[in-house]
Structure formats: structure tokens, C-alpha cells
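**Q** Following this note's numbering, the numbering of the sequence shown begins with 224 at its first residue and continues without gaps.
Hints are computed from structural coordinates only; laboratory data are not their basis. Do not rely on the hints blindly, as some may be mistaken.
Computed spacing ranges between beta-carbons, pair by pair [to be verified]: (1) D499 with E530: 43 to 49 Å; (2) T357 with D606: 53 to 59 Å; (3) A424 with R776: 28 to 34 Å.
The beta-carbon is built from N, C-alpha and C at its ideal position, and this holds for glycine as well.
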Amino acid sequence: MTGGLRRYLAWRLAVFFPLGVAVVGTVTALLLGEVEQLFSRAFLPTLVLGLVVAAGTGAGLGWAIAGRVTRPVQELVDGARRLAAGEFDRRVHVEGPDELVTLARAFNEMAARLRATVDELDAERERLATVLGTMTSGVLFIERDGRLRLANPAARRMLDLPPHAEGLDYVSVTRSYPLVQAIETGLRTGRPVAEDVTLPADPGETPRHLRVAVVTVPTRGTAPPASPRRRPPGALDPVDVAGGRAGANAESRTDATPAALAGTQGVVVVLHDVTDIRRLEQIRRDFVANVSHELRTPVAAIQGFAETLLEGAIHDDPATAEHFARVIHREAERMARLVQDLLDLARLESPEPGLRREPLDLRESARAAAQQWRPRLEAAGLDLVLELPPEPVPVFADPHRLDQVWTNLLDNARQHTPSGGTVTVVVRREEAARPGPAAGPGTRGARAAGGAGDGAAPRTAAGSLLQAEEAGPDQAGTAPPAGGPRAAWAVGEVRDTGHGIPPEALPRIFERFYRVDRGRSRAAGGTGLGLAIVKHVVEAHGGTVEAESELGRGTTVRFRLPLRGPGEGPDDAQRPGGERAGRPAAGGARGGERSGEPGAGEVRYGEQQPGGP
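Required output: the full structure, derived from the provided sequences and hints.
**A** As C-alpha cells, then:
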């Protein structure tokens, strides 16, 4: 191909190729525009509608599928929350994939086991609460940081804890330095502690004696040391208590928990009330000392006079020898009375006092005793007055023991009433509401009362009626036994116009060997056991005894025996407190009869009782 041809073809290609491309592009553009217009007018709405329908259908299907999957999960979540809130009976029921059904089944099994565990724990807690609540010993649990976490009712009574003591520092609630010291030793050393402590008491009250045992409570594994504790403001520091500043606000201090308690939860403190044991030990010591003292005087007299007689006085001076023999005989009789009184007390305190009961009229018993003692009282310059009701006062009692009661009361009145005074013996019926029972063991002293259910207001200071609150064998009087709302009693009284008894001595007059005036009583030949015997005889018959006195005006000792109803035998009368309370004898007088004014119901010696039996 020649060069010209090449140039011609190149020129033609350069000119017509772009022109062809432009033409083809233009045609193509025109065709595509027409297609687009056609699509926009016909197919675009259909496409949009299809996309909307597809999107809605997909969303609905997705929501349904999501709900089917998440609903069981939500039920499990709700069930777990209710379970955590304490609804242990909650169960879940799900439908869905096998995995969720299996999970729901496991959840229900866990809830059932948790319910059983909680029930067992509740039952165990109730048993523990019952045991702690019925224990006579006090129990405290004190954590390592010194906070009181548990106190049973006995401990609250012993320590007089405030109502909301839990959570407080033990020093601030116990308020007893010996007890604080024992607990502090247990917390500090981590070793068991056993000590006897005495709690302080208010004036007039008996201190409480406690036997304290402090034992550590171990934990499983090794517990981390507790954080230092800081005593709250107002808490009592042991040093402050020891220094006599128990009521002052102690500065707060920080005590690090010792390493000895690192593996423990805290300490358990067990409190045993041994007040009665200490009291009985003191009674035993006093008894031995009193018996020794009472026997020493007559034994010394007998020994001295006997030695004098043996040294020749029996032959050298018959008159002196006779005097010595009489002294020896008198002191021997005194020893015999003392021994007999001790034997009587021992029998009366035994479970079987050996009473020989029979139906008696308390009036006749009082009349016989008064007739027996009239010469002795008149010899002492005393007037004897006998006040008896017109109707019988039946009791079921041992006549010998009842005579012993009257004898001791009249002898006691003779010893303590100066010449020119009056001794009055009173017998009457009484039907009235029972007074409340005497205080329990461990309380000493006396409480004022207005009489055994006579409705009188309590008296205080001089002239008060005192009844022993201590359950010991020799305290001042005994409250009428608890029973029905009303009781029928046969009441006997011996009143005198003697010197009277000081109020502080009145609660003790029924103790063994107790004498208000030791010199006068011993000089009169008394053993100091008369009123103690009266108390035990009356109590053995199911009755009560009490005393009231006013200095310079005299003393009244009153005893009550259950009134015997018609047809009742010894078994009925021997019930202390009497289930037959409120059943007076037929025709018996009700409470409130006159017992002090002379008249038809009163017998004076030298006078005839009108219409009396």
C-alpha cells in the first residue's frame, strides 16, 4: 500500500470513527431514555410496592421468630427475679427449642430444691429459737468486731438488756465490768473462759451471781481478720467501768481484732444463774454456824457445872450442887428442844412430812391452845383475848402440827409483849380473790401487800404487811398459792401489843435462828426456830403465812389453811392451792365478817360465848 493511500485511510478513520461513535451513542441514549421513561411509568410503582410488601412480611416474620425465641428467655428471667424475691413456689413453663425447655426444667428443679432447703432452714431456725427461748441459761453471740448479734430471753432477763440490743457493742449493753472482762478475755485470747461473776444490784436487791462460759465459734477455713472496730460514742470501756465511771460517756477507741480470732466467727457466752446455789450455800453455812452457836452455850454451861460438881461441890455444898444440877437440867432441856425443833424442820422439809390429817374445827384448835397458854400469859402479866366466829371453820389438818403452830405463835407473842399487854387469837373464814404468786427464786426481800385477797390497799413503811418473795425455805411469809380466781380459806391470827418488828427485819423473821432481839429471845429460852417451824407446817398443809408489824404497836402473824368443804377428804385438803378454791363449807360465812370487835363472835376468858358450841 502506498503512502498516499495510508494517509487517505488514516484521515478517513480519524474523521468518520468519532462521528460513528457519536451517532451510535446518541442512538443508544435515545433508546435508553425511552426505556427509562417506560420503566418509570409502568414498572417503578410495582417495584416499590413489592419492596414494601416484602419488607413488611420480613419484619412480621422476624418479630414472630424473635418472640418465639425471646419469650421463654424472658419467662426464665422473670422466674429468677421472683425466686430471688422469695417466691420459692414459682415455676416456669416454656415452649420452644429443646435447649430452652431443658433450661426451664433445670430451673424448676433448682426452685424445688431451694424451696426444700429454705423450709429445712426455717424449721431449723424455729427449733433453735424454741430451744433458746425455753433455756433457763442465758446465751449471747458476739461477733469478732464486738457486736452483739443474738441474745435469748433468759440472757435479756439476767442482764436487763434493752429491747434492741442486737448490733450494739457488747460493752455498752452488758454494763458489768466482771462480765465485760470475761468476754474481753475470750475475744482477746480466742480460748475458752469460765468465770463466776456478780452483777451489781440496786439498793435493797440481792446481787445476781452468774457462772459465765465464753467459747469461740470456729469458721470453715481461714477467715480474714476483721477490720478494726471503733466503739460508738457512749459505749462503756472496761477501764471506765472498772474506774467507777460506768455511766459516763467513754471516748471511742479502735481495737484491732487479735490474730487468735482470725479463724472464728466470734464467741458464744453462756450465762448460768447460780444465785440460788449461792444462797443455799450461804444458808448452809449460816445453819452450821447458828447450830454451833446455839449448842455452844448449853454445852459450855453443862460442862462447867458438871466439872464443878465433879471437883467436890456435890459433897461439900448440897444446896449449890442442887442449883448446879438444875442448871444442867435446864440447859439439857434447851438442847433437847433445839434438837427436836431441828428434827421437826427436817421432817417438814422432806417430800413426805408425815402429816396425820383429820377433820378439825380451827376454832376448837385455837380454843385448846389458848386454854393451855392462859396461865403462862397471865403469869407474864398479859391479857388473852379469843375471837371466834359462831359457825365452824373446818380444815383437814394434823392436830399435833396445828397445835405446834399455835404454841409457837403464842410463845413468840409472850416473849415480845411487855407486861400489861394483850395477846389476841383470831379465827375467821375468808373467801376472796387470790393474790398474785410470790416472786420466783433468786429474789430476796419483801413486798407490801394488803392481805391475802381482802381487797385492802397495800401498806408501806411501818405497819406494812410483808410477804417473802424469795422461794427459799426460810423467808418472810409466803404468798397464797396460785389457783382459781377465788379461794376459801380458814384464817388464824395471833396479835400482840408488843414492841413490834423493824421494817428491815420483818422479811427475815421466818428464817431459821433469826432473832430480832437475840438477848430477850435467848433469855426466854427460845431456839430461834419457832416461826420457821410455823411456816413449814402451814406450807405442808397447802397454806400460807405472813406477818405485819408496827414499831411500838405490836405484831400480827397470820396463817391461812384451805377451808374444807362438805364431803372432802384428805386428798382434797392436801392439794396446795386447792382445786376446790371457792367452795366454802355449807352454811359458811363469806369474806368480810367482823374479826376485831368484841361481840357475839368473840370469846373472852371469864365470859360465856352466846350460843357458842
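**Q** Now look at each hint and say whether the structure bears it out.
**A** Quick rundown of the hints versus the structure:
At about 45 Å, the beta-carbon gap between D499 and E530 stays in the expected band of 43 to 49 Å. Between T357 and D606, the C-beta spacing of about 57 Å keeps the proposed range 53 to 59 Å intact. For A424 and R776, the Cβ-Cβ distance of about 32 Å falls inside the hinted range of 28 to 34 Å, so the restraint holds.
Comparing the model with each earlier hint shows no violations; every hint is respected.
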